[in-house]
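Asks: As a plain string of letters, each chain reads:
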Amino acid sequence: MNTTLLTQSVAAQTETHQAVREASGLFSGTWLLIALPLLGAALLLLGGRRLDRTGHLVGCATVIASFVVAAVLFVAMLGEGSGERAFLIPLWEWFNAGGYEVEISLLLDQLSMAFVLLITGVGSLIHVYSIGYMEHDERRRRFFGYLNLFVAAMLLLVLASDFLVLFIGWEGVGLASYLLIGFWQHKPSAAVAAKKAFVVNRVGDMGMVLAVASMLVVFGSSSYAVVFAGTENAPVGWLNAIGLFLLLAACGKSAQFPLQSWLLDAMEGPTPVSALIHAATMVTAGVYLIVRSAAIFDLAPEARTAVVVVGAVTLLMGAIIGCAKDDIKKALAGSTMSQIGYMMLAAGLGPAGYAFAIFHLITHGFFKANLFLGAGSVMHGMNDEVDMRRFGALRAAMPVTFATFAIGYLAIIGIPPFAGFFSKDQIIEAAFAEGLVVGLCALLGAGITAFYMTRVMLMTFLGSKRWAEEAHPHESPRVMTWPLIALGALSVVGGAGLLYLGGGIVDWLEPVTGEEHHDLPVPLAVLMTSTLITVLAGAAVAWLLYGRRPVPEVAPRGNPLTVAARRDLYGDAVNEGLFMRPGQYLTRSLVYAESRGVDGTIVGAAKAVGGLSTRWRRWQTGFVRSYALTMLAGAGLVVIAMLLVRLP
Amino acid sequence: MNPTSYLVLATILFTLGSGGVLLRRNALVAFMSVELMLNAANLAFVAFARMHGALDGQIVAFFVMIIAAAEVVIGLAIIVMIFRTRRSASVDDASLLKL
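Chain order of the listed sequences is A and B.
With the numbering used here applied, the first sequence has no gaps in its numbers, which climb one by one up to 648 at the end.
With the numbering used here applied, the second sequence has no gaps in its numbers, which climb one by one up to 99 at the end.
Hints may contain errors.
Taking beta-carbon pairs under 7 angstroms as the criterion, some of the chain B residues facing chain A (in silico) [as the list claims (entries may be wrong)]:
{"hint": "1", "residue": "Ser18"}
{"hint": "2", "residue": "Val21"}
{"hint": "3", "residue": "Leu22"}
{"hint": "4", "residue": "Val91"}
{"hint": "5", "residue": "Ser95"}
{"hint": "6", "residue": "Leu97"}
{"hint": "7", "residue": "Lys98"}
To be clear, the hints were calculated from the coordinates, so they are not data collected in a lab.
Every residue, glycine too, gets a C-beta built ideally from N, C-alpha and C.
If we strip away everything but chain B, and leave its shape as in the complex, we get:
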């Protein structure tokens, strides 16, 4: 199969993810969209690794996964705390941190 198709799929997934982050108010959905973006990037890395016949892209993909796992731990904790205190998971409601 042509590796370029993987890149196209990665682009589509990234666009979907970024659209979700920008457009959805629910924090959980936005969070899942972020995961989608990360995995789109991972896909692109792996595809590039395959195209160039080098392992670098695959190694970076592992790093991204580890960071994503760590981010999930912290991000979900934050979302849970926001939901507990504000009884809502809307990101627009949590707009108090401004001057």
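Just chain A, same shape as in the assembly:
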């Protein structure tokens, strides 16, 4: 059976890109990548209090071990030829029912390798950082258990070779994010935020379920090999439908418009969780899904257009929201939305953009983890204060955090030679090649990004002290600053390194995603310069507004756009108005119909019986002789009736 699957996949891949080989030797150990963090999660969550004192070390060790395995596999993969880097690792048959056959097997190719390295690498750094950040939390062991579970689920998601198996990881990520966002469940706001994330993600999951169901209908299987081989002959209508369902799923996980509302509330979780969700796992899953389904989107032009539109809208929405937030984590969350919007936009551009989407995803993973962990470090030193209006002038108090945060800042706004410059510039170029409107959206997004990140920078580290009275800011311990330094270094060299080293990421991914060279409407130098000018203009405006004059400690009322952005551009209000209220009305009217209609009938019947019986019971006098008389009369009646019947 493995051989049939394999030949199918061979047929599928030779047509498009590359052959998938059955793994042997080193590569058959790929399952260790998932098994290690999963083992850690099981140990930590089932081990009980005995592991309270060493739990965090176990949690870190499993993820770091997983990273080591990933690094070994990566080196081994480099040793293979360029078109022979995809491996199928069959594990076992999951189920075989009604003609559908699902096998648990892993697919390790260039795309999943990139994700595995990002997830385990950045994940390890976040784990180490969490040792310091969660030091005083008495439930630290459990926290690490959830983190491990998160990493394991995400690895299963990117290593699956079947959409149904991917769905297991997909749901695992949803579960882990729920547990982690609501980790401080004693806070009602955290519990509500976790629930919101879970519910919004369920909406996206419906898209995933529909997509898988459609695949089973159209292709008779949900394995990558069969689905991607069958796209050539499938009707375009179905492909568009599957593409749109996949987009809905991706919107849920990646917090894209219109399912973006959970991401900002998700900041209720501990800061390392935010870093993990925003950089290495969870929100990247949607982009992965789109890029992995390239074979479907390549032949579904409408679905691809939808991806571009969603990406462009979210990109601007997230950026605008980021501009108005005073909560440092929420400002960064808005920026994540916006950056993931860039990736979706790139993924929607087709083969011209897939590699850039992944490229930006990886560099974003570096600098966003850096920024979030930096924000966590600031909060750590400021008694968990998150309001940027109470920060200011922290540069001297936290030199390491400041330096790494500044690197992350330069990387995200795209100043050369930092990582974001290379990846974002590629996306903007590809967007301009696609069309002027899309390109301008991307360019405008870059300007707004520069504005709000400069604002965060100025309000947090520069300017005057606006600290609370009891605040004594101090640099975080080394266990927290070292991951920051590592991520800062990656934010510096990550972009250029990935783009140019050994052929670069575009060549690396080419066998999976294909490549398409685009023709720019304007010379590259002009475009690059205009991007840089836009970025500098955004930063300059922010400096004029927040750097040159003092920042008020109480937020001013602001213009209507600011007010709207503070309330997440009314995303929650729209959800409430469109879905929650009508839903409540529906349930209320159903309850009314139930209580009045159904209940009324039943209760009414019971009351009628009761009322009649209270009247009829008076006939029960207890006097035997009256009963006898009644019987006699009855017998008389029977006799008369019989006579009447028989007479004629």
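With the hints as your guide, set chain B onto chain A.
Replies: For chain B alone, coordinates are given in the frame of chain A:
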């Protein structure tokens, strides 16, 4: 003798019995009246059997006798118990079983 006369006698006996059940308060008398009614019915059965020249009526009469015997056993026991607890054999006094 004309069998119709037996039917008339049975009717008279039945009427007497039912009148006794309905009118007398003493449980024992009412009980005896019930027996009278049963035996009136028996008489009618036997008379009909004779009139039609079939044995069915006589067989039913035997069944009625057996049921009457069983009824006497239970009925008398009940009456004795009522008399013991209430020191009276009046059926109107035993009218507690009502809502």
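Asks: Using Cβ atoms only, decide whether B:Ser18 comes closer than 7 angstroms to chain A, and label the hint accordingly.
Replies: holds (6 angstroms)
Asks: Does the CB of B:Val21 sit less than 7 angstroms away from some CB of chain A?
Replies: holds (5 angstroms)
Asks: How about B:Lys98: closest beta carbon in chain A under 7 angstroms, or not?
Replies: holds (4 angstroms)
Asks: Let me know if the C-beta of B:Leu22 comes in closer than 7 angstroms to any C-beta of chain A, holds or violated.
Replies: holds (6 angstroms)
Asks: Is the interface hint satisfied for B:Leu97? The criterion is a beta-carbon contact with chain A at less than 7 angstroms.
Replies: Holds. Min distance 5 angstroms.
Asks: Per the CB criterion, is B:Val91 less than 7 angstroms away from chain A?
Replies: holds (5 angstroms)
Asks: Measuring from the C-beta of B:Ser95 to each C-beta in chain A, is the shortest one below 7 angstroms?
Replies: holds (3 angstroms)
Every hint, counting from the list given before, is met by this structure.
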